[in-house]
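> Here are the chains, one letter per residue:
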Amino acid sequence: MTGLDTVVAYLRRHAAYLVFAVIVMTIPAYLSDSYYLSVLAFMATKFMMAMGLSLLLGQAGQISLGQAGFVGIGAYGAAILTTRLGWDPWLAMGTAALVSATIAGLVGMPALRLKGYYLAMATLGVNEIIYILLIQLKGLTNGTDGISGIPPLSIGGLSLSGPRAYHLVVWGVALLMLRFSLNLSNSRVGRSLRALHRSEPAAKSLGVDTSYRKVQVFMLAAVFASIAGSFDAYYVRFISPESYTITFSIILITGVIIGGLRTVWGAMWGTLVIVILPELLKRVNDDITNLVFGVLLVAIMVLWQGRTRGLWQMVKERRSRSGPGGPGPPGAGE
Amino acid sequence: MNFEQFLQYIFSGITSGSVYALTAMGFTLVFNATQIINFSQGQLVMLGGMIAVGLYGAGAPLWGAFLGAVAIVVLVTVGFERIAIRPLLRKGVLAQVIATVGASFVFETAAMLIWGRDAVTLPAFSGEEPLSVGGATVVPQTLWVVGLTIVIVVALQLFYRKSLFGKAVRACAVDATSARLQGISYSRVVIFSFALTGAISAAAGVMITPISFMGFHSGSLLGLKGFAAAMLGGIGNPVGAVLGGFILGIVEALGVGVVSAGYKDAIAFVILLLVLFIRPVGLLGAKMVNRQ
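Quick mapping for you: the protein sequence lines, in order, are chains P and B.
The first sequence lines up with residues 60 to 393 when you count with my numbering.
The second sequence lines up with residues 925 to 1216 when you count with my numbering.
Wrong hints could be hidden among the right ones.
[As the list claims (entries may be wrong)] Estimated spans, in silico, between C-beta atoms of each pair:
#, chain 1, residue 1, chain 2, residue 2, range
1, P, Ser258, B, Ala995, 43 to 53 Å
2, P, Tyr95, B, Arg1094, 55 to 65 Å
3, P, Leu165, B, Val1078, 56 to 66 Å
4, P, Met84, B, Phe1201, 39 to 49 Å
5, B, Leu999, P, Ile347, 14 to 24 Å
6, P, Pro260, B, Gly1071, 45 to 55 Å
[Unchecked claim] If you want the ones that stay clear, here's a sample from chain P, every Cβ over 12 Å from chain B, calculated:
#, residue
7, Leu77
8, Gly145
9, Val185
10, Asn186
11, Lys197
12, Asp346
[What the hints assert, rightly or not] To spell it out: a stretch of chain P is covered by chain B in this simulated footprint if at least three of its residues, at any positions, have a beta carbon under 8 Å from a beta carbon of chain B; those stretches are:
#, segment
13, 164–178
14, 209–220
Source of the hints: derived by calculation from the structure; they are not laboratory data.
If you're wondering where the values come from, they're calculated on a predicted model, not measured in any experiment.
Glycine is no exception: its CB is placed at the ideal position from the N, C-alpha and C atoms.
Okay, chain B solo, but in the shape it has when bound (with noise of 0.2 Å):
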């Protein structure tokens, strides 16, 4: 592999990786509010690509799909955790992890029966005309996917950081029972993270569909993998999920050079386990994980 492929399979790599880094900030948001883990994650980026395309078929503009997406997006997440979180917080694992299953299967059914089973595009955000950068060509969307994914990773650390909600969903983060103890709504934290989680998650879904495509059924790989960025860089911890996001996304993108094309979707579940069995809190977790 010469200097250029290398460079080649690091930019494709950081695309992806932004991907998997929002992805897995999704985990991470709902992960703190409600220590559950939603299985219906990829398919709330999914939906975010679909709705995309469907409003710009029917008409709108470019932004106006993105945002009408975003904002379906929060909608339904929303809704979904009136549903079925609420009644299923804190009712044990399997309750939840079946649950946010049988969502990701509505999701999908629901994906397929609307805009049928070929996987669909949106025209890039700004041409499609390649730059060249050291050797390597970048496509100007991979620069909107990285820009916008370093916006969404700012803001959420400034208002977690700042405001005094962010502070709050922080609390919560750390002990629920303490912080409604404190007088914080401990609801309305939880449904902000959703509502938040989906509006990523969808920001996500629009900005990758005009690379890699989007049909029905890539959500789950997507939230598959996006789990594995989370576990990487540690569950829980923000900025570990972006972390592990975009190493996650540079190793496969090499492994496909090194290795092969077909293993690809392998390498995430390696580091999952490997990351299971050898170090469950992450690269950078220190919070204490439930193993014997």
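So that you can see chain P by itself, here it is in the shape it has in the complex (with noise of 0.2 Å):
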């Protein structure tokens, strides 16, 4: 095989992804309306979080209702050691990652024994926990006033305040981790989750350690939900704790299985939705947003009725009647 066979070979396989990195690390040249940068921004750091989401959800098939808190933790990590501590922006992203990491361990051990509406109300639970002691920890968080004058990323000296230079680097960022997903739903262990989403008795008789990957995932979804959180810090610089409710939680988990739950390119079509849908509705009507976002969320579910597959995948799926013991969806199997 000769050199160019492997790099034509190499093209083939990451096809997808390359085009993708190419046109969203691109758009900066053609782009310079400060509003669509700044949609796209956000984009970004949703697409971080979901792409954790589906990791634990479509992957290891584990719920999550508590994405947010974790958004939190690494918002206001970032915002209290750079405002207090005076530290580096990106050291302070990476301090709140491992407290988000920990806290995730610490909670997922316990936790990730639970399954279906018992998980679900626990993580629940954490996130509105984690939103109370952002409330009540008023020396560390300045309660529900916020943090302001948070400071914007740099490198070496270079501030990327402006939002093209800020772009390439959300974006950046976030196709590292798109790549580390893909990879790693590829590898060894993505084989080892999906297995014990199908059946975890199965997946353990294999030899595969179910508790040890169920909290590795977890904890790897709370660290890209946590560096979504700071980098959205150093964006907006400011941030209070309303930005860190269940309900945003559970936005994130519905954009993730609108976008199909299989592969973690779902997450990117979740997050289309996620945010473009909101910025569409409140030039309508602010106040019905909500209203709207509820009426699609019940009949998302009434049309996606819980299979594996995200709503774009369904169409070639014919309704068929699956049991609660088939290859059902997240915590079916009771």
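Since each chain comes alone in its own frame, lean on the hints to assemble the complex.
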């Protein structure tokens, strides 16, 4: 096999990823509108959060309604360490991610022994406790007033407060995470996650340490969320607790379901929907955003019917009656 | 904390505990019929309170507003069951969670669009003149709340134990398939359970509104606490739901006295996590919970 063949084979295998990366990274070359760039910047961080959830829910089949809590830890960790202690923003981001991973590990160990509703409720409870702490630890978090004056990111003394430079960095990190997630789901780890999704006893009998793997992917999702939260804090330069409620966790998980659970790419489609839809609704009437969103949630779920596939891939699938033992949705096998 | 203060906290705990108990009861009724946890449960309580305020403001007498709110919320829950629940029966936890959360968004935003963003209240059912009990003061509304809660709980127990249809509902809770084989109409049981949940939730909402006000956003926290109460007592067990509600209310009230009012809302979630991690079947639960 010649060198050229290897290159061609590589390009073929990763064509979708490479095309996507090129498109995303060249956007600032021809787009200068600051509104659209800011929508894209938020899309990048929501994509990171959704990717973590996609690995957790799509690959491993574990529900989390607490992703926003870890986003909050990332944002507040970054904000507190930079504004109070004057740390470097990147170092603060890394430290916050470490804190998120630790908390996720400590919470995940007991929580991930639970299934279905119980896991959903436990993660939801964790999110709510984080939210209450963000409000109540006033000395640290400044309560409901939030923290302002967060410094922007910079690389080697070069400030990234401009929307174009920020775009390249935030999407650069998002693309790295996507590559990592795609590699992960194609690896032995990804296969063992999908195996425990189908049947935990079966995966166990084949030598997969299921509880270890579940906690691992839960921590990974928390790290993704935390990094995304830090990015948002550096971009908006202001944070307050109400961005990290359960409602946001639910919106994220809905995005992942709409996009499709089978591959991490689903997170991208889902992110498009949960970012663009509210922006469109806001133009009509801000008050009805949640009303329309609620109706859509119900409608999408009634259409989706809890299958493993996302809504996009559902078209080709015939409505088949799968009993509660079949290759059902996460948490369906009682 | 002296005895009078202690008593005061206990009374306030029993009052909020009544509402948690009724909310937990709503979770239990729906869970037993469908194995679904209805995340819009708290919003049904909120709707009850808001509708009653709306009707009262439109000139209805207090009892008329109460009954009207109950009737309207029953209609809402029955419609909700037809549209969102029936297609999702046994379709997996995730779809059910998100559909009911979606419904909670709808109820909440609808309430905001109809009644605005301000918290509203109702006059107390029988005056505001406080009573003194053992050095602590009690508003008469507290007696209404606790009294009506007891009446509802006892009536439900009688219905489930004595009437034929009540027994059918219990049969479905144990095993829906076998119940259907016995000729019980499962869909009637489900729709009835939802209607009953709507009625109980609305009643709880109307009763508590004179004491604690009601705003479009009040429902979500009430719902989560009701769920914590249901889990504490043992999900699926109506007696447990009532017990869990009162325990949660009292612990929360004492927590305000001992710790701080700011962390009041966290108490329910700490209890919820402890129950889930240590004893997922709850205090009175016997049914084995599906955990690894």
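> Decide, hint by hint, whether the structure agrees.
Against the structure, the hints come out as follows:
1. P:Ser258 <-> B:Ala995: 43 to 53 Å: This hint holds: roughly 47 Å between Cβ atoms.
2. P:Tyr95 <-> B:Arg1094: 55 to 65 Å: 58 Å, holds
3. P:Leu165 <-> B:Val1078: 56 to 66 Å: 43 Å, violated
4. P:Met84 <-> B:Phe1201: 39 to 49 Å: Between P:Met84 and B:Phe1201, where Cβ atoms are some 44 Å apart, the hint holds.
5. B:Leu999 <-> P:Ile347: 14 to 24 Å: 22 Å, holds
6. P:Pro260 <-> B:Gly1071: 45 to 55 Å: 51 Å, holds
7. Leu77: With a cut-off of 12 Å, P:Leu77 remains clear of chain B, as the shortest Cβ separation is near 33 Å.
8. Gly145: Holds, because the least Cβ-Cβ distance between P:Gly145 and chain B comes to about 29 Å, which exceeds 12 Å.
9. Val185: 7 Å, violated
10. Asn186: Answer for P:Asn186: violated, closest chain B Cβ roughly 9 Å.
11. Lys197: Violated, since 8 Å does not exceed 12 Å.
12. Asp346: Given a closest Cβ separation of 6 Å, the condition is violated.
13. 164–178: holds (count 8)
14. 209–220: The restraint on the segment 209–220 of chain P is violated, since only 0 of its residues have a Cβ under 8 Å from chain B and three are required.
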